[in-house]
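> Sequence:
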Amino acid sequence: MILADILRLAPVIPVVIIDEVKDAVPLARALVKGGLPVIEVTLRTGAGLQAIRAIADEVPEAVVGVGTVLTEAQFDKSVAAGAQFAVSPGATGQLLDAVSEAEVQLLPGVATASEAMALIERGYKFAKLFPAEAAGGAALLAALASPLPQLKFCPTGGVTLESAPKYLKLPNVVCVGGSWMVSRAAIAAGDWECITLAASGAAALHVHRTP
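Numbers in this note's numbering are just positions in the sequence shown, counted from 1, shifted up by 451.
Among the hints, a few may not be true.
[To be verified] Between beta-carbon pairs, the in silico distance windows are:
#1 Asp470 <-> Asp527: 20 to 26 angstroms
#2 Glu471 <-> Ala531: 18 to 24 angstroms
#3 Glu509 <-> Ser597: 42 to 48 angstroms
#4 Ala455 <-> Leu612: 22 to 28 angstroms
#5 Leu612 <-> Arg660: 18 to 24 angstroms
#6 Arg635 <-> Thr543: 25 to 31 angstroms
#7 Ser651 <-> Met568: 35 to 41 angstroms
#8 Leu460 <-> Leu612: 17 to 23 angstroms
#9 Ile571 <-> Glu509: 35 to 41 angstroms
#10 Gln545 <-> Pro477: 35 to 41 angstroms
#11 His657 <-> Asp548: 33 to 39 angstroms
#12 Met568 <-> Lys473: 40 to 46 angstroms
#13 Glu644 <-> Ile571: 40 to 46 angstroms
#14 Glu566 <-> Glu644: 39 to 45 angstroms
Think of the hints as simulated: they come from the structure by calculation, not from any bench. By construction, the Cβ of each residue, glycine as well, lies at the ideal position given by its N, Cα and C atoms.
Take these sequences, add in the hints, and give me the full structure.
Set out below in structure tokens:
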């Protein structure tokens with residue numbers, strides 16, 4: 452599945468930090484049940500790669516990706532584990548060169564107009580605004596929409612259920628990334644019903660779609 456289609460599957464991509472591999476499958480099932488099939492599992496813990504593999508193997512209805520990709524080695528290991536897309540907090544030339552011919556596509560992070568222009572020069576059509584709220588939030592994306600219409604964004608970083616709608620109404624936002632429905636406390640407690648309920652609320656958000 453190409454990145455453009457993945458990003459349009461749901462208005463919100465849950466950004467997940469998994470401490471215990473055993474939680475990966477029930478968490479993914481809870482999110483899918485709530486209407487959020489696209490899941491970004493970050494590499495912020497040692498369980499990340501195994502969690503991706505478990506979800507890819509046991510939850511076929513989920514589209515699992517990898518987040519916090521910093522190096523070519525991390526990208527390659529994640530793809531081997533079953534990641535269907537990758538997300539990076541920034542975009543170095545070395546990383547972009549390394550993944551340029553890969554079948555699995557990267558959603559690179561940017562925080563400025565210059566960084567966005569550099570991605571456009573490389574042919575990218577989608578980027579992550581990160582950290583979204585700290586970088587300027589919806590106001591920044593609204594300002595970029597006219598001069599840089601070639602690039603669509605998935606803002607991530609500080610986005611909440613309350614702030615998500617202001618992003619999703621923008622013409623250059625395809626979806627948002629958030630972690631409010633997947634708190635580490637809820638995951639540790641195995642409160643899958645609570646996570647499904649929160650995912651349902653996120654899945655019900657409206658996305659502005661340009662013709």
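> None of the hints should be skipped; say for each whether it holds.
Against the structure, the hints come out as follows:
no. : hint                                  : verdict
1   : Asp470 <-> Asp527: 20 to 26 angstroms : 24 angstroms, holds
2   : Glu471 <-> Ala531: 18 to 24 angstroms : 22 angstroms, holds
3   : Glu509 <-> Ser597: 42 to 48 angstroms : 45 angstroms, holds
4   : Ala455 <-> Leu612: 22 to 28 angstroms : 25 angstroms, holds
5   : Leu612 <-> Arg660: 18 to 24 angstroms : 20 angstroms, holds
6   : Arg635 <-> Thr543: 25 to 31 angstroms : 28 angstroms, holds
7   : Ser651 <-> Met568: 35 to 41 angstroms : 38 angstroms, holds
8   : Leu460 <-> Leu612: 17 to 23 angstroms : 19 angstroms, holds
9   : Ile571 <-> Glu509: 35 to 41 angstroms : 38 angstroms, holds
10  : Gln545 <-> Pro477: 35 to 41 angstroms : 37 angstroms, holds
11  : His657 <-> Asp548: 33 to 39 angstroms : 38 angstroms, holds
12  : Met568 <-> Lys473: 40 to 46 angstroms : 44 angstroms, holds
13  : Glu644 <-> Ile571: 40 to 46 angstroms : 43 angstroms, holds
14  : Glu566 <-> Glu644: 39 to 45 angstroms : 40 angstroms, holds
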